[in-house]
Structure formats: C-alpha cells, structure tokens
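Peer 1: As given, the protein sequences belong to chains F and L, one line each in that order. This note's numbering numbers the first residue of the first sequence as 1 and each following residue consecutively. This note's numbering numbers the first residue of the second sequence as 1 and each following residue consecutively.
Among the hints, a few may not be true.
Listed next, the stretches of chain F that the computed footprint assigns to chain L, with coverage defined by at least 3 CB atoms under 8 angstroms from CB atoms of chain L [claimed, not checked]: (1) 59–65; (2) 152–166; (3) 183–189; (4) 193–200.
These are computed hints drawn from the structure, not numbers from a lab. Just so it is clear, CB atoms sit at the ideal spot from N, CA and C, and this is done for glycine as well.
Residue strings, one per chain:
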Amino acid sequence: MAKVLVVTSGKGGVGKTTSTAALGAALAQQGEKVVVVDFDVGLRNLDLIMGAERRVVFDLINVAQGVAKLSQALIRDKRLENLWLLPASQTRDKDALTDEGIRDIIAELRTRFDWVICDSPAGIERGATLAMRYADEAVIVTNPEVSSVRDADRIIGMLDSKTVKAEQGEQMKKHVLITRYDTSRASRGEMLNIDDILEILAVPLLGIIPESQDVLKASNVGSPVTLNDATSMPARAYMDAARRLSGETVTMVVPTEQRKGFMDRLFGRRAA
Amino acid sequence: MSMNLLRLLRRRTGSAPVARERLQILLAHERGLRSQPDLLGILREEILAVVSRHVVLDPEKVVVRMDRGESVSTLEVDIEVPNGFDKKMAIAS
C-alpha cells in the first residue's frame, strides 16, 4: 500500500524542502521506492536540493494538463535507483494546478511507488492546500521559535479540516519534525525545548534535527543530507525519522553537539 | 549596577519560558476562533432576523462588534432603527 506524505509548515524557510529530500532519500536508502513531488509552483527548489536542476524537462503542471506523460516528467536520482523526483513548474500561473489534476497524478503515483512525498509551498494558499489535499500522513516541520510554532498550529488545523481524509471523517496521521534545534541553547532556556513544542502542538514527535553546517554543505552540492554524509548528525536524525515513518520504534536521541576542544577551536576554521 | 544585576538574572532564566507562555495564550485564542467560524457573522444574521420580525430594518445598519479583553470580552450590537419605528409599532398592535 502506497503512502502519501505531505511535508508542510505554514512558515517558510523552516526546512520543508531539505526535509523532503532527506526523508525521501533516507526511505529510498532503506529500500523503499520513493517519489518526491515539488508543489511549490513558481518557486521550485526541490530539484536544486536533489541536484537534478539540469535534468528537468517536464513538470507537475505539464502532467496535470496532459502535455506530458507522468513517465516523461519523472526524474530518476543518479545515486539511488529507487528514488525519483517530480519537479514543480516555474510558471507564475498558480491556477494551472487544479484539484482534479492533482487527484489524478497522486492516484497514478500511488500505483507506482511505496512513498509519495509532497513538498508543500509555504503559506496557507492554494498550493499548500493542494499539497496536503490527498495525503494520508503529514510531517509538520517547525523550528523552536514562536512564529514557526504558531504557523505549525494553523497548518495542523487545516490538515484536520481541509484534506480529503478529514472530510471523510478519518484522522490524518500527523508528526512533528523539529529542525534547527540547538540543544545547548534550549538547555540554557534560550530556545523553546522539545517538551514545550510538543505540549503546545499536541502532535507526536517524528525527529529532532540539530542545527548543523552539514545541511548547508549538502544543499551547496545538491545532495540530500542523508546521502551527502550519512554519518553526520542531521543525516542520522533524518535516517531515524524515516525508520519511524516506516513504523519502526527507534529511540529518540536528542542531538548533542560534540564539545569542541581548545585545539579544534583554534584550527577548526582552517580545517573546515 | 542594579541594571547589570537584572540582566545577569534574566540571562540565567532565558527567554524561552516567555516564548512558551505567549504561544500558549495566543494559540488558545486562535484555536477558539477556528472552531467557531465567523461567530460574529452568525450572530449578526440571527439578530437581524429576530429584530426584523418586529421592525423594518436596513441590513446594512446592523453592526456586531466583539472586543476581547484580558479577563472580560464585550459584544457590541449597534442597530440603527428608522424614524418611522413608533408608527409601525402602533399599527402592528
């Protein structure tokens, strides 16, 4: 049974695209057949994060409008043979996406993949509602910061009212993914901690992704974090999160920064 | 001197508890609004329906306003009644 997952947040810049790429790659690395779908029409970026920006020929809207077949628009990852990308269009016409068009594409993707991961645009407009419309489960990405948590709460309300699942009276399964988490700052009371966020949002935790330079490094070279350096802290956190999505029970590790010694501090800048 | 001390104390507690409290208050309020979609709109329609049974009203002249205070909220209903009101009441009775 294919699962359709939407990665959403409300607020922009919290790590939806990074998380879509990392979770998609992690699930593929674990043997699942995965497609990541970019719903950010007009401002596509998942192709860039996946390192496939020069291979885009057709896109989501071309398929929705019948200009191209799904198989023509799907881009196979060069590193993982069971990972695929369906890019967004760069057209400015957001109305080019229709509810029926998306419904049909999602239905077809369900027959071909184990996981369909929809990267939602920021905001609460049409693009965001269409990205979540046909999902079975949702990952709500949030930073430990007030505006991000507030927007996450708003999105949770929409997931529970504007999706097909909700309209059919079913419960949409939801997970919170906390990104850019800084354990030491949270422990000093300078940043909302995990318990604060979970208590406020009342949605179970999928994973804690630490604030890390490895995320930028991976995006610089166009590789999902989990593929770029599988041993890095964010990669391990995403790998664990992906296992939890598959139903495994994985102990939650609060990422702690390796304390840098004096010599590291002295030479760290040169080495990195 | 005292300012420096205050700053030191504040640094020790951190600003996260403030963030948490602000969010809890705000979200409790916003969730309430979400579950009652357009409460004011509904109130306005129903008040208009009840009053129009007895008085001829211009629907545009019915204003329902809500003001949320910290402990008490007020609901303000402002209905402008045309001047022929008394005559109509007399005919009706």
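Peer 1: Does each hint hold? Answer for all of them.
Peer 2: Checked hints:
| no. | hint | in the structure |
| --- | --- | --- |
| 1 | 59–65 | violated (count 0) |
| 2 | 152–166 | holds (count 3) |
| 3 | 183–189 | holds (count 3) |
| 4 | 193–200 | holds (count 3) |
The earlier numbered hint that this structure contradicts is number 1, and it is the only one.
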